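Novice: Take the sequences, apply the hints, and build the full model.
These protein sequences, in sequence, are chains C and V. The first sequence maps to residues 1 to 153 in my numbering. The second sequence maps to residues 1 to 657 in my numbering.
Hints in this document: simulated from the structure, not taken from any laboratory. A hint or two may mislead.
As the list claims (entries may be wrong) - With a Cα cut of at most 35 Å, we get these calculated DSBU-like pairs of lysine-lysine:
1) 515/V <-> 152/C
2) 100/C <-> 382/V
3) 267/V <-> 471/V
4) 414/V <-> 152/C
5) 339/V <-> 538/V
6) 382/V <-> 515/V
7) 267/V <-> 414/V
8) 267/V <-> 152/C
9) 267/V <-> 339/V
10) 152/C <-> 339/V
11) 471/V <-> 382/V
12) 538/V <-> 100/C
13) 414/V <-> 339/V
14) 538/V <-> 515/V
To be verified - Chain V regions said to be covered by chain C (calculated; three or more residues, Cβ under 8 Å):
15) 312 to 320
16) 358 to 371
17) 374 to 388
18) 517 to 530
19) 553 to 565
Just so we're clear, the structure is a prediction, and the values are computed from it rather than from any experiment. Ideal Cβ positions, reconstructed from N, Cα and C, are used throughout, including at glycine.
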Amino acid sequence: MRLLRATGLLVLLLVWPLTVQAVQPDEVLADAALEARARSISHNLRCPVCQGESIDDSNAPISRDLRLVVRERLLAGDSDDEVIDFIVTRYGEFVLFNPKPEGANLILWLAGPGLLLAGLGVAFAYVRRRGVPVLDVGLTDAEQSRLDDLLKK
Amino acid sequence: MIVELGHFALVLALGVALVQSTLPMWGAYRRNAALMALAEPAAMIQFVLVAFSFAALTYAFVTSDFSLRLVVMNSHTLKPMLYKVSGVWGNHEGSLLLWVLILALFGACAAWFGDNLPPTLKARVIAVQGLIGVAFLLFMLFTSNPFLRLEVPPLDGQDLNPLLQDPGLAFHPPFLYLGYVGLSMAFSFAVAALIEGRVDAAWGRWVRPWTLAAWIFLTIGIALGSWWAYYELGWGGFWFWDPVENASFMPWLLAAALLHSAIVVEKRESLKAWTILLAIMAFGFSLIGTFIVRSGVITSVPAFANDPERGVFILMILAVFMGGALTLFAFRAGSMEAKGVFSMVSRESALVVNNLLLSVSAFVVFIGTIWPLVAELAFDRKLSVGEPFFNAAFSPFVVGLALVLPVGAMIPWKRGEVRRSLRPLWPALVLAVSVGALVWAMQTGRSALGPVGVMLGIWVVLGAAIDLWSKTGRGTIGGRFGRMWRVPRADWGKVVAHTGLGVTIFAVSAMLAWKTEDIRVVQVGEAFPLGSYEVTLKAVDEVEGPNYLSTMATMEVRRAGALVATLTPEKRIYPVQAMPTTEAAIDYGFWRDIYLVIGDAQENGGWAVRSYIEPFANWLWAGTLIMALGGCLSLSDRRYRVAAGAARRTATGVPAE
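Specialist: Put into structure tokens, the structure is as follows:
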């Protein structure tokens, strides 16, 4: 146990600077509306060194820096899009969780709706082919008389 | 010694699987009863051998046999027993062995419970199952052997990733694999039926319970994973649209579609070719999921390029099975003539819409998951696809599905009228819309997500209740309640599963829309407000666990002065893997969870504290459980047992040849 504690302390010292957690109290802006915008922007930006975490959730130091940059830009009066552009020009579109619908990305955005429309078309054609004539309601005379017979019994 | 026997059993299992996949298939082609009869013992022997091999690996983990490379990499003598056992499948090689074990188990189940199948179909199903076994046993023995020894065993192991040392995650992979691999049965049935060239109502009835079982396991597995993420990762999120999560979600969506289309095959002998295709694709997506998770190609392309052996092998398996099955499908699909006719407005059409929405939504998840890879390879663009994309692209499908569901569930087979089916549903619609509007009016300046979720949830849940009520016939209310218990289990299953979906949709939107968050520095002894609660940081202590060190805060939650809960969020360090984790403390409640996280000590004294109120969090887990329960009810329906019994009776009636 003492060995565990000693190694534990050593590890603690080594990794301590790395364990900054997601948004820290000292980062939070005094203006609640501005802070809310900062949160929603940083929620959509990816931490450049993590596995699929947003800078809002990430513990990496670079994410903290980026969160601070976002807030600086907001305080400087930038709009949401300007802040995002500011960061994308420096870190590339890799940090965008929501790929911009332009160029090749149009395939990504239109694949779903496109397939849905195509599927609807195919399904419609199929169902029509399988369709029964709508007027064919009720029983034939022979069936009706047989039914009457059965009901009488 | 035991380890060597385990290794040897695995090699033997490969031999047996080779026999299982070839001779019965040949026997079915030549109508040779003796060769076909080989399928049954082969499937059982293969299962016993793989099970022995799995037991041997478990033994090595439990006794901390550090001459085994895998044990050294993933275990430690100080680790609690539960995690020594779960460490068996907490890594690539071991999880593959579990995969193969479950595959062999399903093969053996087909042998045990397959008495009512025609002999040729049964032989072919087991043979296809054996063929999948061959592929994965080869994969394991050549690229990921769990039984590799070390020449010089170290004194102790390197421990399991502490994030994985958790009861939720200990049982998450087995359930998920039962689901993934359960879909292999649907695949085997589909391929066997294509070879036979016959798909009829009976086939639909046989394939449905397997798909249902797989879907139930997938539901539970995904829910466990999501629950784990919720309490372990420390910010109260429950779904991240991470590639690994998506890998399990796509087969779930397709399995749900398959469940519904198999009903049409069973009851109306329509949609046959589509159902076969779905069965093939559902398992295909299980394989794709395995590829995504096991090769690491999506999370890190360079890592994949440096060690492509495993990924390429799985891709080959995927190509062979999907390519083979789809080629077979292309040749045979035309011969599967549909019998039942139905009009534009009918249960059949409603199920077609269900299938369309479910499978296109699975496709949306798929393209979002692989798009970063495609963009990098084809367009040389490094980009990410994450939560905002999926929320925007996937949610409309859920909304569409939920809107159509109650109506579709009540439209009669063959031909119906929307207006007549809507008539009993009017109260549900009115109530759903008005409550949704009320919620919309009460919350100012927030997103429409909450109200829409409330509306859809009420609509789906009430719709399910009305569906059940409509099955009790006419008469006095008391009489109808009495008859409710005589409604077949399959119908109960449908109603319960749909209710679960409604609850889940509501809970997801409530959690996303109405979460309360608070981040601040708190001094020991200080209190701060959280919604209508007051939280006090009482103390922060250093505590020692079995294999970790912990910084544990003691916090009191009060409401109007009365103590609600005393919570102890922790921050742990696992020295062996040098990894810090946060352990959130949660007060689970019916209406809300209070979720507290302790952060770092601040320079000016005090601690960073993160606190959340998660509304209706438990409703989410309850909703998924209700869905799974609905599946179980449906699975226990008499129909499947009656069919089995009837077949046995005729079997004994035929004189021996």
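Novice: Each of the hints needs a verdict: does it hold here or not?
Specialist: Cross-check of the supplied hints:
no. : hint            : in the structure
1   : 515/V <-> 152/C : 66 Å, violated
2   : 100/C <-> 382/V : 13 Å, holds
3   : 267/V <-> 471/V : 18 Å, holds
4   : 414/V <-> 152/C : 29 Å, holds
5   : 339/V <-> 538/V : 72 Å, violated
6   : 382/V <-> 515/V : 33 Å, holds
7   : 267/V <-> 414/V : 11 Å, holds
8   : 267/V <-> 152/C : 31 Å, holds
9   : 267/V <-> 339/V : 11 Å, holds
10  : 152/C <-> 339/V : 33 Å, holds
11  : 471/V <-> 382/V : 55 Å, violated
12  : 538/V <-> 100/C : 47 Å, violated
13  : 414/V <-> 339/V : 12 Å, holds
14  : 538/V <-> 515/V : 25 Å, holds
15  : 312 to 320      : violated (count 0)
16  : 358 to 371      : holds (count 8)
17  : 374 to 388      : holds (count 11)
18  : 517 to 530      : holds (count 3)
19  : 553 to 565      : violated (count 0)
Violated hints, in rising order: 1, 5, 11, 12, 15, 19; the structure is consistent with all others.
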